[in-house]
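**Student:** Residue-level listing of the chains:
2 protein chains.
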Amino acid sequence: MKKPPRPPGAAVTAAEVGRRAGVSQSAVSRAFSPGKSISSKTRQKVLAAADELGYRPNLIARSLMTRRSNIVGLAVAPLENPFYAALVKELAQGLRPSGRHLLLFPAASQTEPDPQIEEVLSYHVDALILASTTLSSTLANRCRSLGVPVLLINRASPLEGVSTITGENHRGGETIARFLLAGGHRRIAYIAGLEHTSTSRDREAGLVEGLRQGGVELFARAVGDYSVERAVAAARALLDAPERPDAIFVANDYMALPVIQLIRGEYGLRVPEDISLVGFDGIPEAGYSGSGLTTYSQPVAGFVAGALSVLDSLIENTGALGSGVQVEGQLIVRSSARLPQTGLIECDGTQTWIG
Amino acid sequence: MKKPPRPPGAAVTAAEVGRRAGVSQSAVSRAFSPGKSISSKTRQKVLAAADELGYRPNLIARSLMTRRSNIVGLAVAPLENPFYAALVKELAQGLRPSGRHLLLFPAASQTEPDPQIEEVLSYHVDALILASTTLSSTLANRCRSLGVPVLLINRASPLEGVSTITGENHRGGETIARFLLAGGHRRIAYIAGLEHTSTSRDREAGLVEGLRQGGVELFARAVGDYSVERAVAAARALLDAPERPDAIFVANDYMALPVIQLIRGEYGLRVPEDISLVGFDGIPEAGYSGSGLTTYSQPVAGFVAGALSVLDSLIENTGALGSGVQVEGQLIVRSSARLPQTGLIECDGTQTWIG
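For the protein sequence lines, the chains are A and B, in the order given. Just so you know, the first sequence maps onto residues 25 to 379 in my numbering. Just so you know, the second sequence maps onto residues 25 to 379 in my numbering.
Simulated from the structure, these hints should not be mistaken for laboratory data. Think of the CB as a built atom: it goes at the ideal place given N, C-alpha and C, for glycine as much as any other residue. Check before you lean on any hint, since a few could be wrong.
Take a look, some chain B residues computed to stay more than 12 angstroms from chain A by CB distance [to be verified]: (1) R166; (2) A180; (3) Y278; (4) E309; (5) E340; (6) Q350; (7) E352.
Just so you have them, the derived chain A footprint on chain B, three or more residues with Cβ under 8 angstroms [claimed, not checked]: (8) 271–277; (9) 295–305.
The following residues of chain B were derived to be distant from chain A, with all beta-carbon distances above 10 angstroms [stated by the list, open to error]: (10) P106; (11) Q117; (12) R120; (13) F243; (14) A261; (15) S333; (16) D336; (17) I356.
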């Protein structure tokens with residue numbers, strides 16, 4: 025077993041590595057800096073020498089000088105929702121060229137979704153991303169007073185100076201309303217997500233607005249809290265009522281998939297002949313042959329591209345004001361909802377509705 | 025908008041915060057150290073003073089003295105598989121009391137799954153966890169020579185001095201073989217995951233061994249690479265063959281769910297009357313009413329508890345040899361596979377097979 029050639033604690037320097045590898049100290053530094061130009065042969069020489077000597081470049085010490093930690097804090101909540109799982113994965117991947125990495129801060133709980141502020145700040149994060157969680161004004165103020173840029177993904181914020189990347193929640197809800205009306209539905213219900221979130225509120229507001237334009241009122245609503253168990257209970261409440269809805273818009277696909285299975289399995293109803301279902305997000309599972317979920321799709325790649333670009337400008341210029349990026353979505357039409365007579369277009373095997 | 029009271033760069037000290045809050049400097053330090061005892065009133069005073077002065081404790085500088093970064097590197101691959109999404113979420117949550125946080129290192133690619141070694145090490149991680157990815161001997165050697173403990177979750181490793189938390193892959197495969205034989209099946213096929221992984225190999229070896237004990241050979245196999253698209257293609261290959269299998273063990277639930285939908289939907293076959301399906305992992309989606317997937321379940325909580333305990337002992341004593349923890353699983357019986365006459369037990373609404 026290879027041992028480091030000196031007692032731990034006595035740090036090997038970049039100059040020593042350079043001497044051993046027969047290259048300059050600057051080549052050693054370039055070998056350890058992501059994105060820096062260096063030939064693969066030189067890089068191999070440096071790594072071999074570093075390995076022999078037990079050297080590791082100290083990004084942490086370097087960060088004390090550059091005031092950059094290359095750490096981006098990420099407060100994540102519901103990784104069980106494939107939309108967020110994909111978002112985190114693609115975000116981590118997208119950060120690679122910049123040499124930055126995501127440090128995960130779990131929510132204290134669903135009712136107290138803020139990460140522990142002092143812990144986040146003590147890592148000297150270059151920026152803080154909140155994906156899916158709402159930003160409290162306490163956390164926003166503390167970050168602002170310390171010059172730590174904050175970026176919200178898939179959440180709006182009424183707070184000043186906060187950057188956001190959001191989907192077309194209102195427009196999506198409105199499109200779904202018009203789509204269901206065009207399909208001949210009149211008893212249209214909504215299964216909400218967490219009531220305090222902008223996603224659930226805006227999707228519902230769009231739905232109600234779209235129905236109103238068609239002269240129809242929201243038939244019923246129930247709350248699924250973005251949880252599978254609560255969504256199934258909400259669907260039961262709607263289906264067990266004296267008069268059933270003939271269509272349900274479920275606030276996200278993650279809730280819609282078990283609901284569709286409940287309706288077909290336990291209630292023995294035909295989808296879409298007896299009842300239509302529409303979701304939101306466009307997670308891959310919605311497209312599986314047995315699901316066939318019609319859904320307002322918001323592309324993860326769009327959120328990630330927006331986040332990376334905003335993040336760059338925030339970190340390079342911390343004085344920047346908050347900006348808002350909106351990611352476009354589209355209604356992907358599959359088999360879980362009745363088809364309108366018009367407005368359907370097909371492109372590359374995907375059917376969308378532009379009614 | 026609140027401004028820090030001095031130009032950026034001039035650091036506020038803990039002593040100044042203590043004076044402003046009217047508490048000792050040690051109280052300031054305790055207020056910012058996770059798990060340290062301090063009254064909530066004192067903590068509030070310290071945080072208010074810190075906020076006014078724009079103070080943030082410098083864990084990074086502290087880590088240079090303590091040689092602890094409180095950062096645990098995590099090389100994650102397939103977050104799209106709910107098993108790993110849950111694992112990462114619960115691991116982050118489980119680390120909270122220790123004050124450690126996970127820094128994500130995305131795989132370079134599926135064929136080159138190692139994280140960028142030098143980047144990982146430059147953050148001075150206290151430990152490196154590889155979840156789902158195989159450990160290369162290069163990465164293992166480099167970590168060992170630098171005294172960075174490595175922990176593999178859900179992967180075995182032939183390398184010396186590496187700690188692992190694995191499930192009962194072989195025993196699970198064997199149990200599934202005996203279960204399917206007891207259900208009267210004789211044409212039993214396997215859809216493999218990534219061929220080089222210990223999970224896929226050991227599950228198949230267990231299946232083949234269990235079948236052999238029953239005097240039956242593996243009927244057919246195809247490779248799904250732990251990908252939905254490849255699993256669906258593999259299932260098609262098995263179903264389009266001149267003679268079909270009457271049961272398929274799919275190496276994980278993430279692949280089994282779209283396969284079951286394909287079989288019911290596109291092939292119009294009845295599950296389990298025409299063909300039985302069994303998965304592995306026990307992800308929540310397998311239990312949805314419409315899926316009803318029989319699966320060898322390995323509890324995420326068991327992996328997390330094992331990981332936290334091994335991690336603690338590795339970080340406190342980096343000289344520790346690699347240890348192996350095995351997490352027990354059980355065959356959860358639902359409706360996707362024919363029931364044997366004997367061996368079924370029900371407990372708290374969950375049916376298992378102990379045949």
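**Student:** Let me make sure I understand: some of the numbered hints might not hold for this structure. Which ones are they, in numerical order?
**Tutor:** 1, 3, 4, 8, 9, 10, 11, 12
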